[in-house]
Amino acid sequence: MKFFKSKDFYSVTLAVMLSMAVVAVSVSATTTISTNISTQGTLSVTDLSTLTGGFVSQASSTVSGALTAAGYLGASSTAGFTNLATFYSGFVSQASSTMVSTLQVGGVFQASSTALVGGALNVTGLSTLTGGFISQASSTVSGTLTAASYLAASSTSGFTSLSSFYGGFVSSASSTVSATLKADALGVASSSPYVALGVTGTTTSSAGVVVGAGGSAITQVLFGTCSVGPGVSVTASTTYVTTCVATGVSVNDKVFLTPADLANQIIFSGASSTAANTIQVGIYNGTGAAASPATTTWAWTAIK
Numbered sequence: 001m002k003f004f005k006s007k008d009f010y011s012v013t014l015a016v017m018l019s020m021a022v023v024a025v026s027v028s029a030t031t032t033i034s035t036n037i038s039t040q041g042t043l044s045v046t047d048l049s050t051l052t053g054g055f056v057s058q059a060s061s062t063v064s065g066a067l068t069a070a071g072y073l074g075a076s077s078t079a080g081f082t083n084l085a086t087f088y089s090g091f092v093s094q095a096s097s098t099m100v101s102t103l104q105v106g107g108v109f110q111a112s113s114t115a116l117v118g119g120a121l122n123v124t125g126l127s128t129l130t131g132g133f134i135s136q137a138s139s140t141v142s143g144t145l146t147a148a149s150y151l152a153a154s155s156t157s158g159f160t161s162l163s164s165f166y167g168g169f170v171s172s173a174s175s176t177v178s179a180t181l182k183a184d185a186l187g188v189a190s191s192s193p194y195v196a197l198g199v200t201g202t203t204t205s206s207a208g209v210v211v212g213a214g215g216s217a218i219t220q221v222l223f224g225t226c227s228v229g230p231g232v233s234v235t236a237s238t239t240y241v242t243t244c245v246a247t248g249v250s251v252n253d254k255v256f257l258t259p260a261d262l263a264n265q266i267i268f269s270g271a272s273s274t275a276a277n278t279i280q281v282g283i284y285n286g287t288g289a290a291a292s293p294a295t296t297t298w299a300w301t302a303i304k
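In terms of the working numbering, the numbers along the sequence shown are unbroken and rise by one, the last being 304.
Keep in mind that the hints were calculated from the coordinates and are not lab data. Idealized CB from N, CA, C, for every residue including glycine. Hints are not guaranteed to be accurate.
Claimed, not checked - Simulated restraints on C-beta separations:
#1 Thr160 x Ser97: 36 to 44 Å
#2 Gly107 x Thr35: 45 to 53 Å
#3 Val56 x Val100: 23 to 31 Å
#4 Ser113 x Val199: 46 to 54 Å
#5 Thr297 x Thr156: 49 to 57 Å
#6 Phe91 x Asn36: 33 to 41 Å
#7 Thr144 x Ala299: 51 to 59 Å
Stated by the list, open to error - Capping the alpha-carbon separation at 25 Å, the derived lysine to any residue pairs in SDA-like fashion look like this:
#8 Lys254 x Gly215
#9 Lys304 x Gly208
#10 Lys182 x Val209
#11 Lys182 x Val211
With these hints in hand, go ahead and build the complete structure from the sequences.
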């Protein structure tokens, strides 16, 4: 057996220690690999790794800490985030997107085109729809609905509770009030009546009109003139009955006559409607002799 001399022993020991130091320095400093690296097991890197050419993960990968992308982060298929995802600069969806759960927007929610919501859309703050909105189904507003301009319904507009029109309302078509209509001032063909009920134009009431409490219904009021003259001599102190034509008058109408140009002591004694289009007139001769009153035009009024 050959023994090392003392001098040789120290030389070998020094060479081994220098080799180990070189290996340690090489591992702890930056390492550059110019070709592919392949590992059959797990590759663990405890410090920062810079992949200047990027990386491709061909299987499921997990990032247990923060993943920061200074540029574009893309997924050729579906990208799933099991926890909360925060997009500080917002996000742009260039294709159809589906939210299977609640979407909460703390600020402005904008859609450059059509925004479709398949389920319920709950907005706790103020919503401003600058282009307006169209509701294609039954909609309910549980609070106050304020329209600064025109409020229109293409079909029937129904209000199940009390509606207050502080600025009044104008009905441009036929309208029906099936229950009681109460108004402090009601204008027809005018939005500003100067009396409690102001009607501009013709008014028709098929069921009649009752004036005052406990009055009778009036369905029609007619006006006209007719010629009144007996055409014969009326005996003194007697009443002669004649007729005049009054178009529209019917039996049992209440008629009123206004005599005109009666001679002295020739007195109008009464009138009645006893036949269609006819008013019966009584003329009394209060003179002491027979008289023949001239034919004159009288005004008449008939109330149905």
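So, against the hints stated earlier in the document, which numbers end up violated here?
none
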